[in-house]
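Okay, here's what each chain looks like letter by letter:
2 protein chains.
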Amino acid sequence: MSKISAKPLSGFQELSLKKQIIFDKIKRTIEKTFEEEGFFSIDTPAIERWEVLNGKGGEENQKLIYKIDKDTPQGLRFDLTVPFARYVANNLNDLPMPFPRYQIAKVYRGERAQVGRFREFYQCDIDIAAPIESLGALTSNSILSALAYTLDNILTDTSILKKTFNFKVLIGHRAILNQFFEENNLSDKTTKILAIIDDIKKIGEEKVSENLKALELSIDDVEKVINLINCSSTKELEELNWKEFDKVKPFIEELEFILSNNKENMKLDLSITRGLDYYTGVVFETFIEGELSKYGSMMSGGQYDGLIKAFLPNQNIGGIGGSIGLSRLFDILDKEDLFKEIHLYEIAILCDTSETFNNEIGSYNSRLKGKRIKREIGNIGKCLKRNKNVPIILILENNEIKVKNMLSNEQFNFDNKETAVNKIKSLLSEL
Amino acid sequence: MSKISAKPLSGFQELSLKKQIIFDKIKRTIEKTFEEEGFFSIDTPAIERWEVLNGKGGEENQKLIYKIDKDTPQGLRFDLTVPFARYVANNLNDLPMPFPRYQIAKVYRGERAQVGRFREFYQCDIDIAAPIESLGALTSNSILSALAYTLDNILTDTSILKKTFNFKVLIGHRAILNQFFEENNLSDKTTKILAIIDDIKKIGEEKVSENLKALELSIDDVEKVINLINCSSTKELEELNWKEFDKVKPFIEELEFILSNNKENMKLDLSITRGLDYYTGVVFETFIEGELSKYGSMMSGGQYDGLIKAFLPNQNIGGIGGSIGLSRLFDILDKEDLFKEIHLYEIAILCDTSETFNNEIGSYNSRLKGKRIKREIGNIGKCLKRNKNVPIILILENNEIKVKNMLSNEQFNFDNKETAVNKIKSLLSEL
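Keeping their order, the protein sequence lines are chains A and B.
The numbering used here applies: residue -17 is where the first sequence begins, and numbers increase by one.
The numbering used here applies: residue -17 is where the second sequence begins, and numbers increase by one.
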């Protein structure tokens, strides 16, 4: 028989059993938090018609789409926002407004595989769709607070992490930038200026100035741009020389509302612009502090007024949302060796006879529900050898109940189930 | 702006919010049960190299594979068994043996869309990989019992279903059929005979006889085949005229072990052969009773000795497993209107001022965790109108606490949080 290679395609993540247990735990934390924060679950097909994928999202994304070889042009989704917009349009009559949704699913990008960049990866998205006039401070704040709360739940979970981490959400605003460009007759250069200022963390202020000059901005305009993106408070932002302050006022108030509600982990940063074409309001990216600060954004998103309208031109419905890059975050925590060591099986139950097994296993199973248990029947000595890597062993032999802590080599004898199970639970909690 | 169609591609399931809540509940029941039964979660890429998909699974499947347009030939998985076999080979050194795994994920088949047949659907699989010599009665029984227990959990869940259902798992055995074919010099016609007898439920015994005769089987052989597939107990099976009884004995004992352990919902049926090429031992399909008996199998699987060996020719590792067709099962329960009506929001909390909201919402949220809650600030009269479809409403107005049952129109006043929350919980439990 000729052998088929068992490696997954390059750029695809496939975890070991122990890593998968940790991954699933994080994924469930996210799911549970999103639900408790009031977001509804939706599930959309991984395959979308080409015109849906092609509709919005920028040229950058179109090149990355996995095309599928079928009569109807189609491909794999590259994010969960475009499918969400389609879902809203397709189900509008059944949806509450505002409509808060979450979706945790894989997306696909055919880019060159590199560290922390996968071709298939999980995104964990929350969004709120609502009439554009009712989007604003309250909605933005509920998205950002829920995301920050979720990320904090992950980064402070010492049941899986060796240490906890803080993070900062950097918040910009595309509508404020647009108003600025308009007031300074720079609107025709918007896309290029956004790309340049978005790079400031990588290339520094001096290089940004140079690049803006190369775009033929006057020295005065370059200075204004730099002053704008250097604003570190909404007060500074207010004090810029706005020609039509009324037009930016609601956006500055929106930022102020979000920042005052999330003082600990959010920060104004107008150089955050987000590459994708579809953002129109608040935009944000998130950086973890400490040894993880060298990695890029782990959670990002923003407001998009036009995306849903592409499917529903006669309705004035917009959206705001964000995404936790779960696969990437997991990969980085793993590469930096930040996960606690876990045991594949937590407990082994060894029985000397199948009679003992059949009589006893049910009641132990129900008392130890949710634990990872190996169950074996046979010669206890041999079973013990086979399971020497399992930390806690329950031995049912000659009608005796023994619990063995394999890490300390201690053994305990019991005359009833209940006390044995309590001992197992207390040993497990100390692992 | 030209409008993009918001419909998903045909053959793809997309649920309303209420249906998604029920779907997710069933999916979690399955996940939880698989975990409690001791199966480890694995996650494999949805895209596999072409040679992996093409390796096993029968010509029938190859035609259905979604091809992806990339330099390296690749496509979307059509089941979770072939990727499992690849995973075992790729991770062999890190796996416990026997290795019990579960996977709940979408698979893709480009077949013509028809009722209950989707192009993208969830399969919920459990499998055990182990050295072939250690597969057998115990392993088969643990797969079948765990699947039956899981399906029973779903079909008796009156929190989502209007009524409960029984089901029967019909169990055949490919190795017994193979030995029969060999003893009767029919081995060269195996594939064709399997296809014919697998059809008996659709076409009846007479037509099966005709089709077998058309295959140029002697009248005597046709009778033997019919007698074999008509066996309704392992005793009858034993009493057939086996030339080498020793060779079938362990397989009959395996069936007897499974059947005696699952008397209520399992039944011998050697006409069950399963289409896919890769099965070599026990095979099974499952039919729900009552008004759902007209639909096809909802849970099926079997033992496959060669699938993992295609990736690991030098190791003698086989597998046994089965799958619950979640999307199909859900679709049928939905079409037959068997789901209970649910409310999108269970509770609305209405506050007259944002001050009240900010002071009170946190403690109600934590007391009502896990409930689907709408939260609104504003004129209580208007809020009530907007939320008349929410069954339970909590009103926080003028420092008063009121709970309104919108179904009965009763209203209750409280002077503290605790009693109000208890009333809400008791009203919710009566919905």
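Since the hints were derived computationally from the structure, they do not count as laboratory data.
Bear in mind that the values here come from a model prediction, so they are computed numbers and not experimental data.
Note that CB positions come from ideal geometry on N, CA and C, so glycine has one too.
Don't take every hint at face value.
[Unchecked claim] Chain B side only, calculated, beta carbon under 8 Å to chain A, not exhaustive:
1. VAL34
2. LYS49
3. GLY272
4. ARG349
5. GLY352
>> Under 8 Å is the threshold here; is the Cβ of VAL34 of chain B close enough to any Cβ of chain A for the hint to stand?
In response: 6 Å, holds
>> Can you verify the interface hint for ARG349 of chain B: is its Cβ closer than 8 Å to any Cβ in chain A?
In response: 12 Å, violated
>> The hint names LYS49 of chain B as touching chain A; please verify it with the least Cβ-Cβ distance against 8 Å.
In response: The hint holds - LYS49 of chain B has a Cβ within 8 Å of chain A, the shortest such distance being about 4 Å.
> Hey, does the GLY272 of chain B contact hint survive, CB to chain A under 8 Å?
Replying inline: Nearest chain A Cβ about 28 Å off; hint violated.
>> Please check whether GLY352 of chain B passes as an interface residue: C-beta within 8 Å of a C-beta belonging to chain A.
In response: 7 Å, holds
In summary, the numbered hints that this structure violates are 3, 4.
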